[in-house]
Every structure is written in structure tokens, then in C-alpha cells.
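K.L.:
Build the complex from these two chains, which are given one at a time in their own frames, with help from the hints.
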Amino acid sequence: MARFELDLGEDERLLEPIAKTGRKFWILVAILLAIWLFGMVGYFTQLRKGLQVTGLNTPVYWGLYITNFVFFIGISHAGTLISAILRLSQAEWRRSITRAAEVITVLVLFFGVGCVLLDLGRPDRALNVLKHPNFSSPLLWDVTSITIYLICSTIYLYLPLIPDIAILRDRLGKRQRFYRALALGWTGSEKQQKLLNRAIGIMAILVIPVAVSVHTVVSWVFAMTVQPMWHSTIFGPYFVVGAIFSGIAAIIIAMAVIRKVYHLEDYLKIIHFNNLGILLLVMTLLWFYFTFAEFLTTYYGAEPSHMQVFLSKTEGEFAPYFWTMFVTCFVIPFAFLANHRTRGTVWGCVVASVSVQIGMWLERFLIVIPSLSAPRLPMEASTYRASWVEWSLLAGFVAMFILLYAVFTKLFPIVSIWEIHEGREHSVTEVTERVESYLPGVAESSHG
Amino acid sequence: MARWGMVIDLDRCTACQACVVACQVENNVPPTGADQAELGRSISWLRLAPHGEAEHGTRPQMHLMPVPCMHCDNPPCTKVCPVQATQIGEEGLVGQIYARCIGCRYCTTACPYTVREFNWKQPDFPEPMEQGLSPDVSIRPKGVVEKCTFCHHRLQVARDRAQLEDRPLAEGDYVPACVESCPAAAMTFGDLEDPNSEVSRLKQSQRAFQLLEELGTEPKVTYLSKGEWGGQV
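So the sequences go chain by chain: E and V. Okay, so the first sequence: first residue is 583 according to the numbering used here, each after it adds one. Okay, so the second sequence: first residue is 2 according to the numbering used here, each after it adds one.
Next comes chain V alone, as it looks inside the complex (with noise of 0.2 angstroms):
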């Protein structure tokens, strides 16, 4: 069983957004428009939060860290939803069942990364992007819980064309719109249980730390940089 997780090199990383959009369009994220940007409503499924490190005498630095959902092996949202409608996967995607949810955002609260987000009002693509909306994502009604899911889709997708072909799903079937898009390829993608695949390599860097580890959410998602980031994030 394929354990799937991400793993983003912020020493390539150039804070470009490539990522961002491609997941709003991948997705069908909603665009909130300025007015409710401004009041904290906007969603995207992949931020780029800053972080400032300045020494004192030293040139203050601004890093922005790409932060997807976490995909937790133990995640504190799924635990905490009263109707079941987060639940996690038998191969690890953290996932949200929108006809489901209640909206009670219990599950926002308590997730230390803050990547769920919630749909303050019915979403409203304007007319030349309702064109473009993905045919593979379902849009979510106003009132629901949403978050990264890995483009749980494309793995569908991709495990229905190995079948087709005959043949086991190989590393690069299967990637998110965000790791694909990345002009610097900072973002790799694929097995954690497959010692022999990129992630799992990368993982075993000296540069390797996940986001809030001491919190023992297990992320799935793991950030190198040769910089001093690690738990002090």
C-alpha cells in the first residue's frame, strides 16, 4: 500500500506562486474577490506564509515557505469532526467529504497548520473562468469545509490508465498540480513506503525537517533547506 507525500526544497524555491495557481485552477478554488480578501476570507489550498528571520546587525531575510495541507499520519482534524466527514485514507491522504460536512469548523480550529479552509459564501467563478472549471473537481457549496487533497483525482486518473495499460502504477504517474507546475523543481512528489523513490531519498537528507514536529502530527509533507528553519518555525 502506497504511502503518498510531498517533499519541498526550499533552497530551490523561489516564492514565484507557480504552485498557488496551478492548485486554484487544478481545484476549482473559488476566487473571494478583493472586498473579502481584505476581511480574511480568502481561500487557497496552498499559501506561501512568510517567515522573517532577522538577527540583530544582521540583513533581515524574508522567507515564504509553500504550506499545502500536511497530510498527517496523525491528523488532529479527522479526530475531531463530530459527523465523520474528514477522514483519513487507507493510504494516507487526509481527505473531506463536502456533502457531508456540517460546517461546524471544528476541524479548522484544530489544525495547527491552519490549512482548512471554509466557504464563507457560495463560491462564484465570473464568466470566462466558469469555462475553464475542471470537470474532475466538484464544487463546493457555500458553508462546507475544504482543503488540499493532494489532487487526490489525478491519482484516480492515473491508476485507471496503469490498469488500462496493464502494468503497476509507476513513480510520475501520479503527481498534484503544484509539484508539476514548479519551474525550479522544488516540489517532489510520490512514495514514502517505496525506500527507492525520490521522496524517500530526499526524506533522508541532512537538510530534512517537517512543520511543527514536536507537535507529533506526523506531516507528510517534509521541507529541506540548509538554513536553520527547523522547529522554530
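So that you can see chain E by itself, here it is in the shape it has in the complex (with noise of 0.2 angstroms):
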């Protein structure tokens, strides 16, 4: 059987959260099973009696499930668009970090997508979707949008992850089977590595106009409605940024973790944590302007049925939400990544990450139910109040989504360990030679 010869040296520690698992991951792996079921029992519950269960009524029909649907997949940004972008601009610092960011997009679209299914009244019937589809509706373009989306980045993680797939097969030891039928015969051949090379080129453009479609339709179930401050033109872009910011926050805080927790601090670097704040500082005041754009066209505009939910927002019943989103979306990133000194440590540009998160939730539930809440015809509403089954979902959604991520750490490398060889071996003098040709006296190559 042919191997794939790669010497590995020091980055052969990268190997060792695969072969050594000690007894923390499996109380970790315990917790998280705990939670998950807590909000197992939250959907049977549901199943059993309906979405009385939940806090919904007349008119707010949408709630957490629908704010938690969109957050997941804004979040789903994170991975494989930044890494595309970050490939496609070959940006030699996104070695070690893209991997992470990938298996982040594959895993909660998975959510996204189940988020949806929970608010179903009748998930039995959730096939009807495929066969009585109506394509005029935005929740279909949805569904089309998000399945291509899943299917393409799962390509796109798969395909950089077949060499070190064949590196496990070779030196690994164990899950022989497993790992040799996903390495698909890897021997890191000049042929084999210019194909992957290739395809790997191929999927990172395209993922990005599929990224880009994914919130815009999230953003269009909203916008293509009559309703007060949902039907907007800025919703596309605005839901695009907002989705870029969540998902930057995310790598953040994902890579501080398995840094800390793997002691990777010589992959994954200061430099890699301040390039990422200066990203998601850009994005604070792309976030600020979109926000800005919105509400103050809404508040000259003075339409009443808008202004009313523009009022309960600033300073109405939502607006302790409002203003905390303010705060955390907009306030504390700023402080934090704006300042080099906190934007060049690890804790800095975690604070800011934690925040945008939780800004960025309060941002999907504000869009989510104030509008539903001030209905153009005067009716009898009262308040939304998530149940703890609505709770009792989301927390197990999220214990889902960290246990998926640490079993992938178990199982695959998280850091591309293929990638940052060939980062030592070949982009040193690459980089070289392209930085001297942007200078003035050295022939251009026919390619550029």
C-alpha cells in the first residue's frame, strides 16, 4: 500500500489530541450529553403537546426558535467564507487557522437547519417542502440556498483535510478503515497535490457568491413581507454583514479555546488573533453604519405603523435589548479591538468576540419580535416570554454544537497539518519572489 511521505518534524504534536484522549474529554463529552438531553426533553415535550409549550401566541408566531435560526446561520459565515476570502488573497497567516473555521460553518448549519424544524407545528409533514414546492416563497429559497451551502463547504472542508487524513492512516494506528477509506488513496503524488490544489481553487470561489446567497435569503424571509421595519431593502447587506461579524467573533473564540486547551500557542499566534480583531474591527463599524443607515431612514420615513416599532425598540419595551445590543455590538468591540493593546492580546479580542455574540443574538431576536409584536391592526397581544423549552433547546443545540466540534478534534487534525508543511517548505521563497515582483525593475511573469 503506498504511503504518504511527509516529514513531519515538530508539527507532529498536532497529531496528539488524536491519539491521546484523556479523562477531561470525557467528562466534557458527559456534560454536554447531559444538556443535550435536557433539551431532548424540551422537543418531546413540544412534540406531545404542541407550541403551547412555548411562549408564542397571537401575533408574535415567531420567536427564539426563528432568532436562534437565524443567528446559526449567520455564525456559518464564519468558516468558509473567511477562508475562502483569505485563500483566494493568499494570505499566508490563514494556514493554521482555516481548518477551525471550516468544521464552524459545517457543524451549525446543521443547527440553523434544525432550528427551523423545531418551529414546525407539523415537522412530520416537513418533507411537503420538497414535494408541493412552492418556489415563490422565500422560506424555499432558503432551503435550496442553505442545502447547496451545506453541501459545498462540506466539499471544502473535506477536500484540504484527505492529506492529513492519509497522514493519520499512515501514522496513526488505530480507525485504520475509517481513515483509509476517507483518504481516498493519498499519496501526495505532484499529480494528486496539483488536482487537489485545483479543486481546492475551484471551491473557494465558488462557496463565495453560495455564502453570500445564504443570509441574503435568510434576510429575505423578513424583507419580502409588508411587515412594519422588516420590509427593507438594506436587510440583504445588513444580514450579510451582521452574519460575517458573528462568524469572525466565532473563529475567535474558537481558536482561543483549542489554543488553550492544546496548548497550540505556537500555531495559533498573537498575529493570528490580532489579523482576525482588525477583520472584526472593520466589521464593528461596518455594523454600526448598516444599523445607522436602517433606523435613520425608518425615523425620517416617520411611517406610524414603522415608527411604532422603531419606538418600542428605542424606547419602548424592547429597548434594555436595544441598547444592550448597542453596547455589545457596537460599544465594547470598538474599545477593545480599536486599541492595540488589548486588540494584540488573546483575552482582548476574546471579550470583544463573547460580546459581538451576545449583540449579535439580541440584534436576530430584535428583528425577530418587536415587528410582530405592534401589528398594523390594533389587536390584543401580550407579551412574549420564552418558555424553557424554547431555552432548554437552544442550550442543547449549543452542547451539541461544542461536543460535535471536540469529537472533530478527536478525529481530525485542527490545524492543517499538510498545509503549514507546505507553508515551511514553499511559501517562504513564494512570497519572496511575488513581493519582488510587485517592485519596480523586475520583469513581470506572464501570469501575475
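It should be emphasised that the hints constitute simulated quantities derived from the structure, not laboratory data. C-beta: ideal position from N, C-alpha, C; glycine also. Among these hints, one or two may not hold up.
What the hints assert, rightly or not - If you want the footprint, here are the derived chain V segments under chain E, 3+ residues with CB under 8 angstroms: (1) 11 to 19; (2) 30 to 43; (3) 101 to 112; (4) 143 to 151; (5) 165 to 176.
P.N.:
Next up, the structure:
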């Protein structure tokens, strides 16, 4: 059987988490499974009794489930999109972070889709979406777009995994059959490597428009109705920006945890946090710009039905959430990231990122609930208070996401070994040549 | 082809709610109980919407207007349903296919009139009510959306009867339960395509207006009032 010969050197230690599993891991698994089971209790309660066990009512037909749906789909923008952009722009510092990012996308997408299934009154009929599709419904655009994104990002995660799986097949000595099947006979020959690079290149370009479309159509679920403060042309780009914003924050948090748990300080360096911190700072400012544009336009239009929702957010019953969102989405991340002393530390970036996650969840909540709470025709509306079932399912989903992520790090290297290796072997000279080619006095190569 | 529509004269309406009760009985609308109603989960296909008008220095007036499904010619609900469970029929009635609905509640959120109802729980009819259920209307299971149908089953009965008697459908053959029950004769129902029908005549009135007509949904329910209601509701 052909082997994949690669001198790993010090990168050998990236295999450690897969080779050895300590007691701490199993304790974590047990805790997370317990939280998941709690969520399942909530779900079976809901299946048995119907959606009366939630806090939903007429006219607040949508609540936490749809908030979480938009939030999870937003986070899914982390990995694939950021990784694709970094690859295409030949950002060399990407090598140790792309894998950790791509896994987030694939896993979290399942939970995004899961949230919609939780919300259905008749989950047993979910396949009607395929049997009787109505292509004029934005929900069907979601189904289409998210399915394509899931397929593309799974392929995009898998392709760069192949050489690393071959390393595991040849060196690990356990789960042989599993790795052999997934390695697809990888030997690292020049032909294979060329083919792989090409495939990764194509997928990196392909996933970008798909990723943009995903969050755009999620926003269109709201924007295509005539409801106050939903029916807005800014929603598509606003959601995409928000998604990338919370996505980058998710990568930073994941990286900080991996770095600490697996002692990868040498791979996930301060420079990585600093660079992602700058990206997050840019998104913070973009988020502020979009939010400001959205609210100022509504305020000047001053249509009564829109103003009713507007005021409920800025000074009415949702004001505490709204201003917390403003502080956590803008003030805190801006303060921590604009200052290079806090941005240049892991904890500084993590504080900003956790703050962004809270803020972006609140933003999703504030998009879904206030508009439904203020219908155009006056009616007796009761306040929406999420029930324990809804919270238990959020907790269960988050727990299961962390669990699957942790399991992934036990099955595959969370830092791409061959790409680091490639960086050591080739990039240094390649980048020097590239930089030289930018300068005057050097002949341009044919493909620039 | 007929286009069924309704006219509600608010100057005649006494807000007695006979229409609301008639609708509940006719369409097997399940009672939800006080605790669920408190949580905003009661179902009614036809509700009385409050509308206050209080100008400074005048006596405040509270109006109540009956709001059934508007059966819009351009319905915002049908286009968003992912499974085609709600559709507008040839005669303009907006129907709901209970057996297909997945309960995503997109239509309920898209409807600007908030007239679509969701079954938050399994319907439960207390002992004596169960015997009074109408056999013409199916009972909806938990987890699906339901709504006013303009008593569509009555149209089928009326059409069958006319066919048996070998005559075309005449005005007054098909009337929803709410219209029939109104003691003040504030509600009128008929064919909007027929220029001589009562509804067509009333629609021409100076007092006529439609709810949220600025949204372009083209409702087939028209209101009459000499007060200034239109547009500002």
C-alpha cells in the first residue's frame, strides 16, 4: 500500500489530540450530553403538547427558534467564507486557522436548519417542502440555498482534509479502516497535489457567492413581507454583514479555546488574533454604519406603523435589549479592538468576540419579535416570554455543537498539518518572489 | 366566474358579536379556555378589532369593527407559503389546505391583517359541544394554520342545490354564517363581478373604504362608514 511520505518534524505534535484522549474529554462529553438530553426532553414535550409549550402567541408567531435560526446561519458564515477569502487573497497567515473555521460552518449549519424544524407545527410533514414546493416563497429559497451551501462547505472542508487523513492513516495505528476509506488513496504525488490544489481553488471561488446568497435569502424571509421594519431593501446586505461579523467572532472564540486546551500557542499565535481582530474591527464599524442607516431612514420616513416598531425598540418595551445590543455590538468591541494593546492579546480579542456574539443574538431577537408584537391592525397583544422549552433547546443545540466540534478535534487535526508543512517548504521563497515581482525593475511573469 | 366579496356597514354595526359566535359554531372553531386565551392563543376567524378615536377636548369614542379574512385579490400570504398549502381559488377565495400545512407560520406573519390563526394545541371540544359540531367542516389538528374561508362549504351546498333545481346560482343562495347572523343587517355578501349585486352597489358608496388599502392587497371586504376611518386604521 502506498504511503504518504512527509517529514512532519515538530508538527508531529498536531497529532497528539487524536492519539491520546484524557479523562477531561470524557467529562466534557458527559456534561454536554446531559445538556443535550435536557433539550430533548423539551422537544418531546413540544411534540406531545404542541407549540403551546412555547411562549409564542398570536400575533408573535415567531420567537426564539427563528431568532436562533438566523443567528446560527449567521455564525456559519465564519468558516467557509472567511477561509475562502483568505485562500484566494493568498493570505499566508491563514494556514493554521482555516480548518478550525471551516468546521464551524459545516456543523453550525445543521443546527440552523434544526431550528426551523423545531419551529414547525407539523415537523412530520417537513418533506412537503419537496413534494409541493412553492418557488415564490422565500422559505423555499432558503431551503435551496442552505442545502447548496451545506454541500459546498462540506466538500470545501473535506478536500483540504484528505492529505491530513492520509497522514493519520499511515501514522496513527488506530481507526485504520475509517481513515483509509476517507483518504481516497492519497500518496501526495505531484499529480494528486496539483489536482487537489485546483479543486480547492475552484471550491473557494464557488462558495463565496453561495455564502452571500445564503444570508441574503435568510433576510428576505423577512424583507419580502410588508411588515413594518422588515420590508427593507437594506436587509440583504445588512444580514450578510452581521453574519460575517458574528462569524469572525466565533472563529476567534474557537481558536482561543483550541489554543488553550491543546497548547497550540505556537500555531495560533498572537498575530492571528491580531489580524482577525482587525477584521472584526472593520466589521464592527460596518455593522454600526448599516444599523445607523437603517434606523435613521426609518425615523425620517416616520410612517406610523414603522415608528411604532422603531419606538418600541429605542424607548419602549424592547429598549433594554436594544441598548444592550448597541453596547455589545459596537461600544465594547470597538473599545477593545481599536486599541492595539488589547487587540494584541488573546483575552482582548475574546472579550470583544463574546460581546459581539451576545449583541448579534440580541439583534436577531430584535428583528424578529418587535415587528410581530406591533401588528398594523390594533389587537390585544400579549408580551412574548420564551418558555423553558425554547431555552432548553437553545442550550441543547449549543451543547451538541460544542460536542461535535470537540469530537472533530479528536478525529482530525484541527490545524491543517500539510498546509503548515507546505508553508514551511514553499511559501517563504514563493512570497519573497511575489513581493519582488510587485517592485519596479522586475520583469512580470505571464500570469501576474 | 363569480368573485365573492363582503361589505360591512360600520354605521349599522352594533358590535354585538353575533357574527363572531356564528362563525365559531359554523366552522367548528375550538374553544381554547381561559388560561390559553390569557396567553394570546384563542382562535377566532372573525374578530372585533378595537379602534379608538380620541381627539383632544372631545368625547373619546371606541369603535369595534368585525375583521374576517379579507380574501385579498393580491394576498401576501399565498406567495410566502413554502408548500402551496394556501392558495387563492378561481372565485377569489383564499383557502387553506390543512392536510398539507407544515405549520411554519410564515403566512400568519406575512398577513398584515393578522387574521390567520394557528393551532397551538390539539383542539378540545367539551362534552356537549362535541355533539353540536358541524359535519360540513373538518376539525383542524394541532400544529396547522386555519382561517376564515367565507364559509366555503356553504358555496358547495348552494351550488349543489341550484344544480338539483336546474337553475343558476342566485343572489342570496350563498351567504356566510356571519352575514346570515347579523341582527342589524350590517353585513352583505355576494358576487363583486355582478354589477347589479347588492355588494357591487354598496361598494360604490361614498362611505366605502378598505382596510390598509394602501398596501395594495386588494381586499374583497369593504367597509362603509361616514366617520373618518379609512387609511388611518
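K.L.:
Hint by hint, where does the structure go against what was stated? Just the numbers, ascending.
P.N.:
1, 5
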